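Enquirer: If you read the sequences in order, they're chains E and P. Numbered per the working numbering, the first sequence spans residues 1 to 193. Numbered per the working numbering, the second sequence spans residues 1 to 193.
Since the hints were made in silico from the structure, they are not lab data. Heads up, a few of these hints could be off.
Pairs count within a copy or across copies, as identical chains cannot be separated in the list.
[Claimed, not checked] 25 Å max Cα-Cα, derived DSS-like pairs, lysine-lysine:
| no. | residue 1 | residue 2 |
| --- | --- | --- |
| 1 | K85 | K51 |
| 2 | K171 | K122 |
| 3 | K100 | K148 |
| 4 | K67 | K81 |
| 5 | K49 | K81 |
| 6 | K51 | K81 |
| 7 | K124 | K171 |
| 8 | K85 | K148 |
| 9 | K171 | K67 |
| 10 | K81 | K122 |
| 11 | K100 | K122 |
| 12 | K67 | K122 |
| 13 | K171 | K148 |
| 14 | K133 | K81 |
| 15 | K49 | K85 |
| 16 | K133 | K148 |
None of the values given here were measured: they were computed from a predicted structure.
There are 2 protein chains.
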Amino acid sequence: MGTKGSANRQRIVQAADRLFYSRGYNQTSFSDISDETGIPRGNFYYYFKTKDDILDAVVASRLTFFKQVLDDCNCQSDDPKTRLKIFIATPLGQEEQVIKYGCPIGTLGSELVKDQDHLIAKEKLTVVFDLIKSWMVEQFMRISSADKAADYAMDLLAKMQGFTIIASVYKDVNYLHRATQSAQDWIDQLAVN
Amino acid sequence: MGTKGSANRQRIVQAADRLFYSRGYNQTSFSDISDETGIPRGNFYYYFKTKDDILDAVVASRLTFFKQVLDDCNCQSDDPKTRLKIFIATPLGQEEQVIKYGCPIGTLGSELVKDQDHLIAKEKLTVVFDLIKSWMVEQFMRISSADKAADYAMDLLAKMQGFTIIASVYKDVNYLHRATQSAQDWIDQLAVN
DNA sequence: GTCTATACCTTGATAGAC
DNA sequence: GTCTATCAAGGTATAGAC
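Work the whole structure out from these sequences, hints included.
Expert: Put into structure tokens, the structure is as follows:
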């Protein structure tokens with residue numbers, strides 16, 4: 001195993017992932033990551049050239065996380081509607097965190113759109129969105145017509161971003177549950193054609 | 001007119017408002033505001049005790065902005081459906097900015113949920129959301145039943161947050177237009193009862 | 001590979017002259 | 001009221017010993 005997979009490097013990425021989520025990228029310092037890993041600040045530069053590189057690694061890590069989530073959805077059912085409803089319920093599995101810090105990719109997106117730099121991270125982040133969107137399109141394609149599937153997928157993506165941000169701003173768990181149910185009902189109600 | 005309404009104070013708030021929107025609160029420094037206003041850094045503390053106080057003033061400013069927007073909607077039509085559709089189209093009026101920086105209250109909310117401090121600003125920000133939500137409820141009450149009106153309002157609030165964030169992450173103006181139209185269609189299609 | 005020490009800059013905030 | 005000078009703290013990043 002090369003440098004890229006070293007244990008220390010992994011620990012840095014994992015700690016940064018948590019901190020970027022709970023505090024935001026800009027508000028997370030090397031000292032914060034150092035405190036949580038026990039690895040001294042100066043040592044980071046052996047594994048990463050810049051803070052930006054850590055961000056890139058974190059976004060890559062979130063990509064693999066969502067790949068895993070979608071794989072799990074695929075494994076749990078063959079029915080596209082059931083799969084979509086399982087995915088819609090994903091935020092409920094992280095309920096406490098979602099209320100506190102919002103969506104891990106949505107809030108990072110909000111942060112990065114306001115920044116001139118981080119071009120690679122921004123591109124990688126849209127890859128995460130595209131991954132989810134493509135998977136949704138696949139499912140919707142088996143429910144409705146091909147041209148509607150793309151729109152449905154964007155709608156669902158936006159719907160989930162929407163209720164996540166509202167739930168986190170209002171700190172309203174009940175709303176998170178109601179909105180999840182509502183989105184699932186929307187899936188159920190879709191006509192098969 | 002007292003200190004609160006002084007010309008310099010207003011210029012600081014206006015510049016901060018723009019910068020907090022385009023760069024984010026945490027990424028905006030006193031130097032940035034100083035550069036845009038021409039007012040020296042050290043002078044800010046005559047008008048505001050802390051950076052947090054500037055944030056409070058900015059959020060208050062956005063509150064009055066949205067009050068104005070809603071008043072305009074009320075003036076343009078008496079029909080609740082028409083009013084809602086006008087409001088839904090608001091982001092299109094700031095199309096370029098929305099694509100670049102997202103929603104002025106949504107992205108600020110995303111930033112502030114990750115912060116322990118800024119308690120007053122966070123409260124004031126939910127007041128902005130509540131203002132919009134209450135207005136929506138009023139309109140929906142004239143369309144459907146009272147118990148459904150509250151849910152519809154939350155749905156619409158989430159819907160708009162959702163398509164705004166997706167449009168800004170993807171930098172997709174066409175999607176912003178399609179999603180706006182879709183939300184307006186949803187209003188039209190609502191049964192009156 | 002690991003760690004310490006530190007350079008250099010920018011931050012929010014203060015003190016005090018005018 | 002306005003401005004300059006400056007503070008202490010914290011930021012990213014680097015140099016170099018071990």
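Enquirer: Against this structure, judge whether each hint is valid.
Expert: Cross-check of the supplied hints:
For a Cα distance limit of 25 Å, the shortest separation of K85 from K51 qualifies neither inside one copy, at 37 Å, nor across copies, at 44 Å. Taking the closest pair of Cα atoms, K171 and K122 come within 25 Å of each other only across two copies (11 Å); inside a single copy the shortest separation is 27 Å, beyond that limit. Taking the closest pair of Cα atoms, K100 and K148 never come within 25 Å of each other, the shortest separation being 34 Å inside a single copy and 27 Å across copies. For a Cα distance limit of 25 Å, the shortest separation of K67 from K81 inside one copy, 19 Å, qualifies, whereas the shortest one across copies, 41 Å, does not.
In this homomeric assembly, K49 and K81 never come within 25 Å of each other (Cα to Cα): the closest approach is 44 Å inside a single copy and 55 Å across copies. In the homo-oligomer, the alpha carbons of K51 and K81 never lie at most 25 Å apart, since the shortest distance is 41 Å inside one protomer and 49 Å across protomers. When the C-alpha separation of K124 and K171 is checked against a cutoff of 25 Å, the pair qualifies only between copies, where the shortest distance is 14 Å, while the shortest distance within a copy is 29 Å. In this assembly of identical chains, K85 and K148 lie within 25 Å of each other by CA distance both inside one copy and across copies; the values are 18 Å within and 23 Å between.
Proximity of K171 to K67 under the C-alpha cut-off of 25 Å is restricted to the inter-copy arrangement: shortest distance 24 Å between copies versus 28 Å within a copy. Taking identical chains as interchangeable, the C-alpha atoms of K81 and K122 are never at most 25 Å apart, the minima being 30 Å within one chain and 37 Å between chains. For a Cα distance limit of 25 Å, the shortest separation of K100 from K122 qualifies both inside one copy, at 23 Å, and across copies, at 13 Å. In this assembly of identical chains, K67 and K122 lie within 25 Å of each other by CA distance solely inside one copy; the values are 18 Å within and 34 Å between copies.
With identical chains, the CA atoms of K171 and K148 are at most 25 Å apart between copies only, with a shortest distance of 21 Å across copies and 34 Å within one. Taking the shortest alpha-carbon separations for K133 and K81, only the intra-copy value of 15 Å comes in at or below 25 Å, while the best inter-copy value is 31 Å. Within a single copy, K49 and K85 get their C-alpha atoms no closer than 41 Å, and across copies no closer than 49 Å, so neither meets the 25 Å cut-off. Taking the shortest alpha-carbon separations for K133 and K148, only the intra-copy value of 13 Å comes in at or below 25 Å, while the best inter-copy value is 30 Å.
Of the numbered hints given earlier, the model fails hints 1, 3, 5, 6, 10, 15; all others are met.
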